[in-house]
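Just need the whole structure built from these sequences, with the hints factored in.
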Amino acid sequence: MPADDSVSFSSVTVTLAGFPALLNLSFEVEAGETVYLRGPNGAGKTTLLRTLAGLEKPTRGSAMVLGVELPGGERSLRALAGMMGTRSHLYEDLTVAENLDLARRLLGISSSRIDDAAELFGVRGRLWKQKVASLSAGQKRRVALAGLVAKNPRIWLLDEPHSSLDAAGRDLLDKLIVEATKRGAIAFVATHEAEAGRAGGRVLEMVGGTVRAEAREASPGDEGPASEVPE
Amino acid sequence: MPADDSVSFSSVTVTLAGFPALLNLSFEVEAGETVYLRGPNGAGKTTLLRTLAGLEKPTRGSAMVLGVELPGGERSLRALAGMMGTRSHLYEDLTVAENLDLARRLLGISSSRIDDAAELFGVRGRLWKQKVASLSAGQKRRVALAGLVAKNPRIWLLDEPHSSLDAAGRDLLDKLIVEATKRGAIAFVATHEAEAGRAGGRVLEMVGGTVRAEAREASPGDEGPASEVPE
Amino acid sequence: MIRRAWAVARKDMLIEVHSKVALNQVIPFALAVLLTFGFALDTRNQLLAEIAPGLFWVVVLFSSLYLISRSFRVERENAAMEGLVLYGIDPMAVFFGKLAALALQMFVLEAVAAAGIVILFNPPVGSLGLLAISAVAATLAIGSIGLVYGALSSSEQSGESLLPLLVIPVLAPIVISAAKCWSDAESAGAGIYDPWLKIVAIFSAVFLAVGAAAFGPAMED
Amino acid sequence: MIRRAWAVARKDMLIEVHSKVALNQVIPFALAVLLTFGFALDTRNQLLAEIAPGLFWVVVLFSSLYLISRSFRVERENAAMEGLVLYGIDPMAVFFGKLAALALQMFVLEAVAAAGIVILFNPPVGSLGLLAISAVAATLAIGSIGLVYGALSSSEQSGESLLPLLVIPVLAPIVISAAKCWSDAESAGAGIYDPWLKIVAIFSAVFLAVGAAAFGPAMED
Amino acid sequence: MTTTLVRKAVGVTSLALVAATVVMGLFVTPPDVVQGNLARLLYVHPPVAWVAYLAYGVTSIASGLYLWRPTRSLKWDRIAVASAEVGVVFTGLTLVTGSIWGRPAWGVWWTWDARLTTTAILFVLYLGYLALRRIPLSPETRAKRSAVAALIAFIDVPIVHESVVWWRTLHQGATVATLGANTKVHGIMAWTLLLGFIAFTMVYIWMAMVRYRVETMSAEIEAHQLEAWEAERMAEADTSDAAIGRLLDPGTRAPDEVPTDQGVAPR
Ligand code: HEM
Ligand SMILES: Nc1ncnc2c1ncn2[C@@H]1O[C@H](COP(=O)(O)OP(=O)(O)OP(=O)(O)O)[C@@H](O)[C@H]1O
Ligand SMILES: Nc1ncnc2c1ncn2[C@@H]1O[C@H](COP(=O)(O)OP(=O)(O)OP(=O)(O)O)[C@@H](O)[C@H]1O
Ligand SMILES: [Mg+2]
Ligand SMILES: [Mg+2]
Chain A
1 MPADDSVSFS SVTVTLAGFP ALLNLSFEVE AGETVYLRGP NGAGKTTLLR TLAGLEKPTR
61 GSAMVLGVEL PGGERSLRAL AGMMGTRSHL YEDLTVAENL DLARRLLGIS SSRIDDAAEL
121 FGVRGRLWKQ KVASLSAGQK RRVALAGLVA KNPRIWLLDE PHSSLDAAGR DLLDKLIVEA
181 TKRGAIAFVA THEAEAGRAG GRVLEMVGGT VRAEAREASP GDEGPASEVP E
Chain B
1001 MPADDSVSFS SVTVTLAGFP ALLNLSFEVE AGETVYLRGP NGAGKTTLLR TLAGLEKPTR
1061 GSAMVLGVEL PGGERSLRAL AGMMGTRSHL YEDLTVAENL DLARRLLGIS SSRIDDAAEL
1121 FGVRGRLWKQ KVASLSAGQK RRVALAGLVA KNPRIWLLDE PHSSLDAAGR DLLDKLIVEA
1181 TKRGAIAFVA THEAEAGRAG GRVLEMVGGT VRAEAREASP GDEGPASEVP E
Chain C
2001 MIRRAWAVAR KDMLIEVHSK VALNQVIPFA LAVLLTFGFA LDTRNQLLAE IAPGLFWVVV
2061 LFSSLYLISR SFRVERENAA MEGLVLYGID PMAVFFGKLA ALALQMFVLE AVAAAGIVIL
2121 FNPPVGSLGL LAISAVAATL AIGSIGLVYG ALSSSEQSGE SLLPLLVIPV LAPIVISAAK
2181 CWSDAESAGA GIYDPWLKIV AIFSAVFLAV GAAAFGPAME D
Chain D
3001 MIRRAWAVAR KDMLIEVHSK VALNQVIPFA LAVLLTFGFA LDTRNQLLAE IAPGLFWVVV
3061 LFSSLYLISR SFRVERENAA MEGLVLYGID PMAVFFGKLA ALALQMFVLE AVAAAGIVIL
3121 FNPPVGSLGL LAISAVAATL AIGSIGLVYG ALSSSEQSGE SLLPLLVIPV LAPIVISAAK
3181 CWSDAESAGA GIYDPWLKIV AIFSAVFLAV GAAAFGPAME D
Chain E
4001 MTTTLVRKAV GVTSLALVAA TVVMGLFVTP PDVVQGNLAR LLYVHPPVAW VAYLAYGVTS
4061 IASGLYLWRP TRSLKWDRIA VASAEVGVVF TGLTLVTGSI WGRPAWGVWW TWDARLTTTA
4121 ILFVLYLGYL ALRRIPLSPE TRAKRSAVAA LIAFIDVPIV HESVVWWRTL HQGATVATLG
4181 ANTKVHGIMA WTLLLGFIAF TMVYIWMAMV RYRVETMSAE IEAHQLEAWE AERMAEADTS
4241 DAAIGRLLDP GTRAPDEVPT DQGVAPR
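In the order they appear, the protein sequences are chains A, B, C, D and E.
At position 24 of the first sequence (counting the first as 1) the number is 24 in the numbering used here, and the numbers step up by one without a gap.
At position 145 of the second sequence (counting the first as 1) the number is 1145 in the numbering used here, and the numbers step up by one without a gap.
At position 78 of the third sequence (counting the first as 1) the number is 2078 in the numbering used here, and the numbers step up by one without a gap.
At position 203 of the fourth sequence (counting the first as 1) the number is 3203 in the numbering used here, and the numbers step up by one without a gap.
At position 117 of the fifth sequence (counting the first as 1) the number is 4117 in the numbering used here, and the numbers step up by one without a gap.
Among the hints, erroneous ones may be present.
To be verified - Covered stretches of chain D (in silico footprint by chain E; criterion: 3 or more residues with CB under 8 Å from a CB of chain E, positions within the stretch not fixed):
#	segment
1	3136-3150
2	3166-3175
3	3210-3217
Don't read these hints as lab results, they were simulated from the structure.
We treat Cβ as the ideally placed atom computed from N, Cα and C, and that holds for glycine.
Rendered as structure tokens:
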């Protein structure tokens, strides 16, 4: 696999049950960029993220993501991507500890790494031995994020990442994105928040399954102390 | 049952699977008020909303909601409350039209009312005959909100109402809350957005299952053109 | 009440119309089970005709369990049942609405399974009236009890496979009595004054009443 | 591969340890079915002993269907299977991991059901070795095919009750052969060179291979 | 255009051949020594059964070609369904003609014979295949999953065929394959049987072609729909807020059904 770190879509169409959720979408993103996806409900943001994760296949057009060609290379792309959608991917019947332990085993990483991630998101305390089923919405989200951070993906795909998170959690996540992109990762963040992208990063305004406008282009967020990061 | 329009909790405790999700919670709210619930993940916001909807029972303490005594009057409270939680209450296998038609039949309201509500949230067009399963997150949310508006509840219980909604949807919902409270309804809005309550309404800061502080008190939002409403 | 029950029944039937789970999945399943049984127990034909009525009801019971599970699965996703509750709906309306939709599906299932049994196992059929009445009564009983236990065991997690365990022992007597009804119906002399039919009818009435009464507490936890 | 398969197996076993669905729901269900059958087919004891092997496998098959459904239900909530896929995991690892956990539960189920059958129906048991080997082979076959079809029919909506319809006809021959193995095992003379065992073993090998090959395409979209 | 012509030609030919088979079977061939006129089902029942095998064979090959990457195309998937659906019809016909034959020949409509049971299982297997196709999935996913299911289901076909050998059955053994050595089926009968076989094969081809046409047409409709949606996807409109007042007026609340709720009805 070439050590290519960029993403480029050329007239990609993705149909879901016959509906063109993405339509002739083209754009390019360089390593280290943060891209905010904005646009009305049904614009195709989630579908774009899922395509970037290798969970949906382009039906027309082609894309190159981190040196992986789409359609075709979905499986290898999945291993590189870190996706945080509306669904948490957690097993409700397992405890927080067991869910993260599963992630550790599947990723083949050390358990101190998992502990650190859990600590960071504040799920090491009382919640550690609780079943996920008994957590609040934001707590579940935090567990999922801990898994994501432990994976340390090369491309972050975040679908409305702030939803359910409290103020501290939002700040933390924003800081993590800044750090990760500083280290060369790419981040795609689908969000409806008006502030997104104000402090840096690119904004792609999507509508009708494609990019209508590249609204603003600000300095790529590499000055980034946490407080200046978009909230 | 007295035609009382206020809400008052006196040292209410709600335990979920043995855990005190609400603990000794007391507060009072008058007709026409909008209350923003804020606080860290796990503070008990969702549990409070569910208790107000008659979906959870106080295990200790008692409450009076719109003249209904809790514990005890859950069933009649439910008919008055409009709850919008993280789960949409929609049938995935039915179309948008069929879901809203069910609401119409259960509420015993006219179908023009349902049509208006659907129109308002922009789900009358292509989506009308689509199965809910094929909608985007925000589109589902809009369908659920259409049902809620059609019900025109006396107490609005909104759990992170902005999540998944696009800018237009958020504005619309905010406007609806202002209008509803102007007409005497009460609104509880659990949210993590920093701006919540800035333009009016009360803010209850929750933590550990109870109200830590009544952070700010602004003029109850009855001046309310949409643009001044918190976004 | 009736209006709302109808709304619930209508909704469940619409879901079936869209998803065709009963038609394309459960009914063929019943046929598959009949075949497997016949083949697995391949003893003399005489014996098969003898156990045919029992087999019929066992197959109907098992297939119905899938229909009942399905009936609650659609309520569970997106917490739709909670949505119903939030209309302040009388649980009785939900119960009778769901029962109507379920019973309708079960009748179709029974008709197909009965045809299969008659063709495959060749039991004599004497009094069709007795058969039909006992089937209606047993269906209502199975439906009522199934719905109550379905509501009891429908939790977010791990409830689904509890349903058969709860339901089968309770419904065993009625299934056995209904099978006896059929056995009796085989002799042409049998009529609707059959003693087993009386048992089925009594159980059915009791279960229906119990169901209507217990569904509320089961549903609204 | 093996490490990841073990992680998957471990997870499924932990889920069972927490939720005890197999232990508290499916196994008692199997016993309830055995009892109901014994009761419903209450003919002569001789007959019951004769059909006991067939009954055993039918009950095991049905109970296993619940275990398999369960195995996929836990993957469906919160789209957990999608989570596994996002680790770039080899589907084979998921297949063998889930198969290991499933087979373990099935062995316990079979032990209990066999004990129940022997106590309730009193069939003679001659060659325990033949019994055990055939049971292991049949278990692997049922598990493999069940997992493949579980993956094939797993959709967000309306797939769940399709599993039994798909699985039963495919597994019918193996269940029948396994039952014949038991029937043969009843005569003390039988050994592991039983012709039916050969069939079970062949089917088992074929289904295991088919399962391992087909699970990938079935699981990943 | 030409495909339409071919389809029509095949349709006409198959009808003519079936008519010829009927004439031959009913009027030209002699009644059987043992079974009398009953034996005339010989010209229908085995051909129908074989055509079912053929249909499932085609389904399996098409499924295999879909699964094999170099030849992956939704065309194969459409051929697979078309053929499987016709196969189910023919399996049904096998069961029906067999039952009709069995009634006088064996005295029962059905018996737990291995051939019969495995045939019935075959029927259910492909019903399952068709049911699997109905769960809502994207066309590619559905094609992939159903192809896997079709290949597994085909395992039953050799079992059905060999069942007469593996089990001691009531059903006829391989009579026709050993035709040369068989004196029971003589000249004209053999030719009629061959004719029946060709006729029903043609019927199969015709039905599968029609069914395939339906599949391609619905694919075309979907493509059209896609175009329409693509056009629609270019424009998105906003909604007015005129309705808010009407919707939120306290007087418009749902009438309450619960009788105890008198006090909370709209004031
Ligand atoms: C429901 C009942 C029946 C079913 C499901 C059935 C099924 C089949 C099938 C699947 C075949 C194709 C076998 C193969 O070549 O692999 C077949 C062939 C045949 N069947 Fe039947 N059959 C039934 C009843 C009967 C009866 C009652 C008769 C005559 C007494 C009969 C006579 C034949 C004959 C002569 C063949 C051709 C055998 C050969 O040459 O291979 N079948 N049947
Ligand atoms: N079923 C349950 N069993 C045990 N504890 C529970 C259960 N449900 C919730 N809790 C606990 O109750 C507390 C309050 O949960 P609640 O969902 O009300 O929080 P919240 O304020 O809505 O949080 P968030 O901002 O994350 O949505 C949490 O600490 C949670 O762990
Ligand atoms: N399974 C499906 N079948 C048909 N259409 C679908 C399906 N899933 C999504 N769509 C359609 O595709 C479009 C894009 O959906 P997507 O979820 O990507 O939107 P989104 O931008 O994430 O919207 P939101 O802001 O509401 O989350 C929507 O119009 C939706 O109706
Ligand atoms: Mg989205
Ligand atoms: Mg919450």
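Tested hints:
Counting residues of the segment 3136-3150 of chain D whose CB lies closer than 8 Å to any CB of chain E gives 3, so the stated coverage by that chain holds, three being the minimum. With a threshold of 8 Å between beta carbons, the proposed coverage of the segment 3166-3175 of chain D by chain E holds, since 6 of its residues qualify and at least three are required. Beta-carbon proximity to chain E at under 8 Å applies to 3 residues in the segment 3210-3217 of chain D; the threshold of 3 is reached and the given coverage holds.
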